[in-house]
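Trainee: Each protein sequence line maps, in turn, to chains R and C.
Going by my numbering, 197 is the number at position 197 of the first sequence; the sequence numbering is gapless.
Going by my numbering, 250 is the number at position 250 of the second sequence; the sequence numbering is gapless.
Don't take every hint at face value.
To give a feel for the contact side, a few chain R residues facing chain C, derived at Cβ under 7 Å [unchecked claim]:
id: 1; residue: Phe196
id: 2; residue: Thr199
id: 3; residue: Leu201
id: 4; residue: Leu203
id: 5; residue: Glu267
id: 6; residue: Ala268
id: 7; residue: Glu314
id: 8; residue: Glu318
id: 9; residue: Pro323
id: 10; residue: Phe324
27 Å max Cα-Cα, derived DSSO-like pairs, lysine-lysine [what the hints assert, rightly or not]:
id: 11; chain 1: C; residue 1: Lys34; chain 2: R; residue 2: Lys204
id: 12; chain 1: R; residue 1: Lys315; chain 2: C; residue 2: Lys95
id: 13; chain 1: C; residue 1: Lys84; chain 2: R; residue 2: Lys204
id: 14; chain 1: R; residue 1: Lys384; chain 2: R; residue 2: Lys399
A few chain C residues that don't get close to chain R, going by computed Cβ distances all over 10 Å [stated by the list, open to error]:
id: 15; residue: Lys8
id: 16; residue: Arg39
id: 17; residue: Arg62
id: 18; residue: Gly117
id: 19; residue: Leu121
id: 20; residue: His138
id: 21; residue: Arg176
id: 22; residue: Asn201
id: 23; residue: Ile264
For the record, the hints were derived by calculation from the structure and aren't laboratory data.
From the three backbone atoms N, C-alpha and C, an ideal C-beta is built for every residue, glycine too.
Residues per chain, in single letters:
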Amino acid sequence: MSKVLIRGGRVIDPANEVDATLDILVKNGKIMSIAENLAAEDAEIIEARDMIVTPGLIDMHVHLREPGREDEETIRTGTRAAIKGGFTSVACMPNTNPVADTASVIEMILEKSREEGMASVFPAAAITKGLKGKELAEMGELVKAGAVAFSDDGESVMNAEVMRRAFEYSRMFNIPLIAHSEDKNLSSHGQMNEGFYSTLLGLKGIPAAAEEVMVARDIILAGVTGGRLHIAHVSTEGTVALIRMAKKAGIRVTCDVTPHHLVLTDEALMNFDTNFKVNPPLRSQRDVQALLKGLSDGTIDAIASDHAPHALHEKEREFDRAPFGIVGLETTLPLMLTKVVETGVLDLPRLIAKLAINPANTLGIHKGSLSIGSDADITIFDHKSKLKVDIDKFESKSKNSPFHGWELNGIVKYVLVAGEIVIREGNIVKDPGTRDEGRGTRTRG
Amino acid sequence: MKLKIQLKSKNLLGIRELNREEIELILDTAESFKEISTRTIKKVPTLRGRTIVNLFLEPSTRTRTSFELAAKRLSADVVNISGKDSATVKGESLKDTAKTIEAMNADLVIIRHSAAGAPHLLARLVRCGVVNAGDGAHEHPTQALLDLFTIREKLGRIKDLHVAIVGDIAHSRVARSNILAFTKMGAKVTLVAPPTLLPVNIEVFGVDVSYNLDEVIKEVDIVYCLRLQLERQTENLFPSLREHTTLFGLNMARITRARENTLIMHPGPMNRGIEITSEVADLPQSVMTDQVTNGVAVRMAILYLLIGGGESV
Chain R
1 MSKVLIRGGR VIDPANEVDA TLDILVKNGK IMSIAENLAA EDAEIIEARD
51 MIVTPGLIDM HVHLREPGRE DEETIRTGTR AAIKGGFTSV ACMPNTNPVA
101 DTASVIEMIL EKSREEGMAS VFPAAAITKG LKGKELAEMG ELVKAGAVAF
151 SDDGESVMNA EVMRRAFEYS RMFNIPLIAH SEDKNLSSHG QMNEGFYSTL
201 LGLKGIPAAA EEVMVARDII LAGVTGGRLH IAHVSTEGTV ALIRMAKKAG
251 IRVTCDVTPH HLVLTDEALM NFDTNFKVNP PLRSQRDVQA LLKGLSDGTI
301 DAIASDHAPH ALHEKEREFD RAPFGIVGLE TTLPLMLTKV VETGVLDLPR
351 LIAKLAINPA NTLGIHKGSL SIGSDADITI FDHKSKLKVD IDKFESKSKN
401 SPFHGWELNG IVKYVLVAGE IVIREGNIVK DPGTRDEGRG TRTRG
Chain C
1 MKLKIQLKSK NLLGIRELNR EEIELILDTA ESFKEISTRT IKKVPTLRGR
51 TIVNLFLEPS TRTRTSFELA AKRLSADVVN ISGKDSATVK GESLKDTAKT
101 IEAMNADLVI IRHSAAGAPH LLARLVRCGV VNAGDGAHEH PTQALLDLFT
151 IREKLGRIKD LHVAIVGDIA HSRVARSNIL AFTKMGAKVT LVAPPTLLPV
201 NIEVFGVDVS YNLDEVIKEV DIVYCLRLQL ERQTENLFPS LREHTTLFGL
251 NMARITRARE NTLIMHPGPM NRGIEITSEV ADLPQSVMTD QVTNGVAVRM
301 AILYLLIGGG ESV
């Protein structure tokens, strides 16, 4: 396999506490060396001057919709969207059809990813059979098949006894339960955040308490069982406070937040635009401030898109009939560079940590760093160049983004997956030697 | 009659989008239309040749009839599409219904829909104007306008009056539109309901809240009763109809505590014996039939202002 030399970029690798102008030599899909003034005569050169060079980013919460809703997204299109957005690894949620609650579905996803995926795919499996919240899925077999986490995402395990057993049983495998924290009774028929705007719009509200009572419950259960809890897409001030408290108490809890919860509020729903309809719902300004605080003080470990593709005809409906969800793989990095780094909430190394090593550690995958000998998954971006979000240019099959037309900073220029250049000059590289663009032969990490 | 000011939008989606001047324009215009309905020949040619679609995807008798009469008295052609006989029961989306209406060159669509925001969606999908005739628990602007008209007619003004709105505020589009309308026109509003039937953060709308109808009724110029949807009991929003009626029903004992000229209003249809007793509903100061009569005049004014093209009456 060929060599690649990345020259003159600002290399940011939080896992190794690196932030300096360095060269990186990649050989045989691995990182060979990182130093100043490297040379390699037979290597392809990437000039990265004035660019940021980071470990390949990891989105630990996406919906690839395959199997079941291939009209909305596939493993192929979802991973194309991933690399376009700078993500070389994604963890996909199990609420597919059929549900990823058996080894065969996990195997199918991994097989498909090897054949058609442009990025590495790490599947999360269901906590309970059929996401029904009643019987535990065959966790041992699912882990053996390649599941990296368990989640009943989209649904919530309402029965505390079932959740307790899931925490206990999963301890054998030391992999986390990713909790979608929503008390389904409190959120019943809810369409948006409960507050001034739900009252104004006459839409049934989803109270912050629907999230917080479940977060509190799961923190308590994780504490008593010693299980690992990861709370997905935190959205409220109260949740941040509960997690901060739990971490102080030494409970094994981590969490992530989505870009849309960091930059939008429920006021955005004033025109009943369903592209802003998402679960958990967009919250108040006060919640956004608390999330930003949690991000900067380390309470919030990771940023994940909750990339949730939906067909146009399903979103273009009456508000209470449209599905929840926002696509995010192709907007996460520029949104965070513009709205979190430029505003001073996080510096670049801390942002990259939340998009690389932190989610890798939570998922227990050997990704997210530029350590010598590790997989050469590398993202190179120009954090200052301007970008106008255009849904028609998305690689994702679905266009349900509320950020269409936003002017942001940050363009992904090059992406390497296992040493292979998959994005060059901002464009997806057409794989030579295969009929179909995007059908690679890379191996997964 | 030549009008100097006009409505800013080609749609009437909610009271929220109207300013005070526009509300006054509608009320003043309605005054001149009211007389037409008292003539032997209740028709003027103002909207001759215009097509109005009444798209009622949720059951409604009075609002649909009122719009239909308003349109016909202005000589517009009216097409009624109702929920159960439209293609929507065959699964047609609102988008396709909108495209169909668009293709038929309607001048105005009046929509009633169970989903909040459906009129806004429709307005984005069609070129012609859209009037909200009630969307979910969001707004019912023409109801609020006819209520303002009725109050102005009976009491001579709206500003500085005190209105009590009683009952299920949380699920009521009438309550939302009326709260916005009354406060915009300078009236004082007190909501009387149990906390479970009050939407969150309602105080931000500049209203007072009370749980004591016996006290509030002494101070107000208008008692506005809302219809209680009986299925709310199964959602644990109140323990029993009996208890709700005891605490929040308008009966003779309560009304005798009020000032003599206190108006009693209700958007209809009434649950006699629940939110209001029959005796109270039939008192002379109960103005429900005036509300219905005025509804036609107010809707004529709205149709005229939206698609009348500035022609004189």
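Trainee: Against each hint, give a clear statement of whether it holds in the structure.
Mentor: Structure-based check of each hint:
1. The beta carbon of phenylalanine 196 (chain R) is positioned within 7 Å of a beta carbon in chain C (closest approach about 4 Å), and the interface hint is therefore held.
2. Annotation: interface hint on threonine 199 (chain R) holds; nearest CB of chain C at approximately 4 Å, less than 7 Å.
3. For leucine 201 (chain R), the interface hint holds, the least distance from its beta-carbon to any beta-carbon of chain C being 6 Å, beneath 7 Å.
4. Interface restraint check: leucine 203 (chain R) against chain C, minimum CB-CB distance 5 Å, threshold 7 Å, status holds.
5. Nearest Cβ of chain C to the Cβ of glutamate 267 (chain R): about 13 Å, over the 7 Å cut. The hint is violated.
6. Evaluation of the alanine 268 (chain R) hint against chain C yields a violated restraint, the C-beta minimum of about 13 Å exceeding 7 Å.
7. Interface restraint check for glutamate 314 (chain R): the shortest CB-CB distance to chain C comes to about 10 Å, outside 7 Å, so the restraint is violated.
8. For glutamate 318 (chain R), the suggested interface contact is upheld, since its CB lies about 4 Å from the closest CB of chain C, less than 7 Å.
9. For proline 323 (chain R), the interface hint is violated, since its Cβ never comes within 7 Å of a Cβ in chain C; the closest pair sits about 14 Å apart.
10. Proximity of phenylalanine 324 (chain R) to chain C is violated relative to the hint, the smallest CB-CB distance being about 15 Å (cut-off 7 Å).
11. Between the alpha carbons of lysine 34 (chain C) and lysine 204 (chain R) the distance comes to roughly 38 Å, so the proposed pair goes past 27 Å and is violated.
12. A C-alpha spacing of about 11 Å is found between lysine 315 (chain R) and lysine 95 (chain C), which places the hinted pair at or below 27 Å, so the restraint holds.
13. Of the pairs offered as hints, the one joining lysine 84 (chain C) and lysine 204 (chain R) holds, with about 25 Å between alpha carbons and a cut-off of 27 Å not exceeded.
14. For the proposed pair lysine 384 (chain R) and lysine 399 (chain R), the alpha carbon gap of about 25 Å is at most 27 Å, so the pair holds.
15. A cut-off of 10 Å between C-beta atoms confirms that lysine 8 (chain C) is not in contact with chain R; the least separation is 16 Å.
16. Non-interface call for arginine 39 (chain C) relative to chain R: holds, since the shortest CB-CB distance, roughly 38 Å, exceeds 10 Å.
17. The claim that arginine 62 (chain C) lies off the interface holds: its Cβ sits roughly 20 Å from the closest Cβ of chain R, which is beyond the 10 Å cut-off.
18. Separation of glycine 117 (chain C) from chain R is inadequate, the least Cβ-Cβ distance of about 3 Å not exceeding the 10 Å criterion.
19. A beta-carbon of chain R is positioned within 10 Å of the beta-carbon of leucine 121 (chain C); the least distance is around 6 Å.
20. In this structure histidine 138 (chain C) is not separated from chain R by more than 10 Å, as the shortest Cβ-Cβ distance comes to only about 3 Å.
21. A beta-carbon of chain R is positioned within 10 Å of the beta-carbon of arginine 176 (chain C); the least distance is around 6 Å.
22. For asparagine 201 (chain C), the non-interface assignment is contradicted: its Cβ lies about 4 Å from the closest Cβ of chain R, within the 10 Å cut-off.
23. With 10 Å as the threshold on Cβ separation, the claim that isoleucine 264 (chain C) sits away from chain R holds: the shortest Cβ distance comes to roughly 25 Å.
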